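**Student:** Chain residues, written in single-letter form:
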Amino acid sequence: MKQAGTLLDLVDVEIGIPHPRRDTLVIVRKANFSVNYGEMVGIVGESGSGKTMVCRAIIGTLKRRGAEVIGGQVNFEGQDLSKISESTWKSLRGKVIGYVPQSALAGPNPVLTIEKQLAEALENTDGKGSIKERSKELLDLVKIRRIDTVLRQYPYQLSGGMRQRVMIACALATSPKLLIADEPTTGLDVTVQSQIMELLKEIRKELGTAIILISHDLALVDDVCDKVVVMHAGATVEVGGTGSMAKPKHPYTIALNSSRIDIAKPGGELITIAGNPPSVGEWMAGCRFALRCSYKEADCAVGEHPPLFGERGGHQTACLHADKI
Amino acid sequence: MAPDKASTAPEEILAEQRLPDKNKIALRRTLIGRIFRSLVVGFWVMFIAFSLLRFSPGDPIRNALGTDATEEAVAALREVYGLDRPFFIQFWNYFTGVFQGDFGVSFFSSRDVSEVISTHLPVTLMIILLSILGAVTLAVPIALSVALSRRPGVTYFFRTATSISLALPGFFLALIGLLYFGTVLNWAPAAGYEGNFPGNLKYLWLPALVNCFSLVPILSRVLHSSLMDTLDEEYVETGVIRGVRKLRFYWSYMLRPSLAPTVVLLSYMIGVMIGGTVVMETIFSLPGIGRELIQAVDTRDYAVVQSIVMVFGLIVVFVSFIGDLLGYLLDRRVTLS
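As they're listed, the protein sequences go chains C and U.
If you use this note's numbering, the first sequence corresponds to residues 2 to 326, in order.
If you use this note's numbering, the second sequence corresponds to residues 47 to 383, in order.
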C-alpha cells in the first residue's frame, strides 16, 4: 500500500493577488520543495512568509481569497494543481488531500454537531459499515473517548484539543494521501500541543499519510519532521532533512535557530531577529533577507532573489554565500 | 493505539460536565425562567396601560354623553363602569376580569373590548406577517448574493440602494403607491376591506410592500455584515474543502451561523411595526387595531385603550422571546439569558 517516490512537488511557485487596475501583488515567489509518499514535511517561517498561501495553493482555496497561482508548478501525482479547473477541484479537494485548519477553536462549524460534520466528510467516500460506524472509527483513531457523547455535541462544548482531534478525524475521513496541518497547535496549551503532535506522528505511521506541518516553531518541526522547509518573505530559503537544521546554512535559519526560547540561557537576554520581514509589495532587489542579514555582502542586494543551491532532495540553501557561513 | 489515559483526562472531564442531557435541563430551566419573566413584564405593561390614561386629563363619561348631559346622568354612568371606585379596586376588578376572559366594555360604543380586539387585531397582524414574509424572502437572497459576489461595485451599489430605500418616508411611499396601484393601475383597492383570507390579500399587499422598503434594507444590511464576518471564518474554508453541496453549504456554513443577530433584530422590528402600522392603516383605510387605539385614546375610552396596549405589550414580549429562542436553535453558541 505504501508507495515510494515524490507525491507533491512545488517548482518555482508564484502566488499573487491580481488587481484590475494596479499590478498584481506578488505574495509568494520561488516556493520550492517536494513531499514524498508518507513523508512528514515541516514548513517554518514568520507570519506573512507565505506558508499558509502555499498551503492554499495545494488545497485549491486561493481563488475565494482573490489570489491565484501565477507561475510555477504544483505537481501532485503528476497533475499540475495550478492549472486544473474548479470542477476538477471539486472531485479532488478534500479527497486526496486532507486539511486541518489553522485555528483549532474556529475549525469546526459551530452550528453543526460533531456527528453531522463527520457525516459530511464521509458522505462521498466508500468504505465498510454505515456512516455512523465509520464516524466512530475515525473518532477512535484520533483517540477520543466517550465517542457517543462527543458525536452529539456541538464544537463549543469541546475543548480546543478535542476540537482539533475532531478536525483531524474529518480530514482523515477520505483516507487522503496528503494531510496538511496549518499550525495545528495554535492556541492550545503545551501538553495538548504535544498530544496533537504525537497523534500526527502516529497517523503517519499507521496510515502512511504524508503530512505537511506548518509551524513557526523551528525546534518542534525539526524534531518531528523528516524534512524542514524554511520560508522567508514568500521564498523558500532552506530545505533540509531531519536534524539538519541544527547546522543550518542560511543566515535566516541561523537567526531563527538562535532565537529559540528553549535554548536561551536562564536569566540571559532573549535573542531576536533584527528588523521585520519586508512587507508584501515592498520586496527589494536581490535577497529579501539581506537587510536583516549579518553576513550581507555587496552582491546580495542586486538582481533576483537567489535560487535554492544544492541538489534537489538534499540540503538546499538560497544564499549566495552559504559556503562562508 | 491504546488511549493515553492520564493525559486525556482533563478533556474528558470537560466533555462530561457538558453532557447534552444536562444542557437540556439547563434549557428547560431557562425557558421556565423566561416564561415567568414574560408574565412579570405582562403584568407591568397591564398596570402601566391601566394607569396612564387615568392620570391624564379628559373624562371618558363626559365624552360619551356629550356636553349637555346632566350631572346625575354622568354620575350614574360612572357608577355603571365602576369609575367611582378607588383606583386600585378598579385595577383589581380589571385584572381578575382579564383572567376570566372579560376585557370590559367600551364606554363609547358599548361593544365588548374582546370583540373589538378580535375583529381588528387580525388585520394588523396580517399586515405585519405579510411584511415579514416579503422582507425575509427579499433580504436573505440579496444579502447572500452581495456577500458572495467579490466585485466591490456590487457592495457599493447595495449600500447606496439600501440607504436610499431606508431614507424614503413610509407614508410618502404609501401615498405614491396608492396613487399608482390604486387609481392608475387598479391593482389595489384604495379603500374598503374584506375580512377573509385570500380576499384580504388584495387590500394588504401594498401596505406590506411599503413596509418592506424599510425592513429589507435594515435586515439585509445586518445579515450582509454578519455574512462577511462568517466568510472569513476558518470553518467556511473547511466546508469548501470538504466539498459540501451548494444548498447545504449556503444554509449550514453561511446562513445558519450568521442569522442570529438578524432574527433578534427582526423580532424587535415586529414590536416597532405593531405600534407603527397605524400610519399604513390610516392611509389605506384598513380596519386595523392601530386605528381603533387612536380613536379610543381620543375619546378617553379607558377600557379599550388599556386592553389594546396590554395586548401590544404581550405580543412584543412573546415575539422577542420567540426571536431569542429561534436565534438559539439556529446557533447554539447564542445564550438564552
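Hints listed in this document are in silico derivations from the structure and should not be mistaken for laboratory results.
Remember, it's a predicted structure, so these values are computed and weren't measured experimentally.
Errors might be hidden in some of the hints.
Straight-line alpha carbon distances no greater than 27 Å define the calculated DSSO-like cross-link-like pairs of lysine-lysine that follow [claimed, not checked]:
#	chain 1	residue 1	chain 2	residue 2
1	C	129	C	91
2	C	133	C	84
3	C	144	C	248
4	C	144	C	129
5	C	297	C	248
6	U	292	C	117
7	C	84	C	117
8	C	144	C	117
9	C	96	C	202
10	C	266	C	206
11	U	70	C	84
12	C	84	C	96
13	C	266	C	248
14	C	117	C	96
15	U	292	C	91
16	C	64	C	84
17	U	292	C	96
18	C	64	C	129
19	C	64	U	70
20	C	133	C	202
21	C	137	C	64
22	C	129	C	96
23	U	70	C	137
24	U	292	C	133
25	U	70	C	133
26	C	91	C	64
27	U	70	C	117
**Student:** Next step is simple, just say for each hint if it's right about the structure.
**Tutor:** Hint check:
{"no.": "1", "hint": "C/129 x C/91", "in the structure": "holds, 24 Å"}
{"no.": "2", "hint": "C/133 x C/84", "in the structure": "violated, 37 Å"}
{"no.": "3", "hint": "C/144 x C/248", "in the structure": "violated, 36 Å"}
{"no.": "4", "hint": "C/144 x C/129", "in the structure": "holds, 20 Å"}
{"no.": "5", "hint": "C/297 x C/248", "in the structure": "holds, 19 Å"}
{"no.": "6", "hint": "U/292 x C/117", "in the structure": "holds, 16 Å"}
{"no.": "7", "hint": "C/84 x C/117", "in the structure": "violated, 33 Å"}
{"no.": "8", "hint": "C/144 x C/117", "in the structure": "holds, 19 Å"}
{"no.": "9", "hint": "C/96 x C/202", "in the structure": "holds, 21 Å"}
{"no.": "10", "hint": "C/266 x C/206", "in the structure": "violated, 35 Å"}
{"no.": "11", "hint": "U/70 x C/84", "in the structure": "violated, 51 Å"}
{"no.": "12", "hint": "C/84 x C/96", "in the structure": "holds, 18 Å"}
{"no.": "13", "hint": "C/266 x C/248", "in the structure": "holds, 19 Å"}
{"no.": "14", "hint": "C/117 x C/96", "in the structure": "holds, 18 Å"}
{"no.": "15", "hint": "U/292 x C/91", "in the structure": "holds, 12 Å"}
{"no.": "16", "hint": "C/64 x C/84", "in the structure": "holds, 12 Å"}
{"no.": "17", "hint": "U/292 x C/96", "in the structure": "holds, 17 Å"}
{"no.": "18", "hint": "C/64 x C/129", "in the structure": "violated, 35 Å"}
{"no.": "19", "hint": "C/64 x U/70", "in the structure": "violated, 42 Å"}
{"no.": "20", "hint": "C/133 x C/202", "in the structure": "holds, 26 Å"}
{"no.": "21", "hint": "C/137 x C/64", "in the structure": "violated, 34 Å"}
{"no.": "22", "hint": "C/129 x C/96", "in the structure": "holds, 17 Å"}
{"no.": "23", "hint": "U/70 x C/137", "in the structure": "holds, 24 Å"}
{"no.": "24", "hint": "U/292 x C/133", "in the structure": "holds, 23 Å"}
{"no.": "25", "hint": "U/70 x C/133", "in the structure": "holds, 23 Å"}
{"no.": "26", "hint": "C/91 x C/64", "in the structure": "holds, 13 Å"}
{"no.": "27", "hint": "U/70 x C/117", "in the structure": "holds, 19 Å"}
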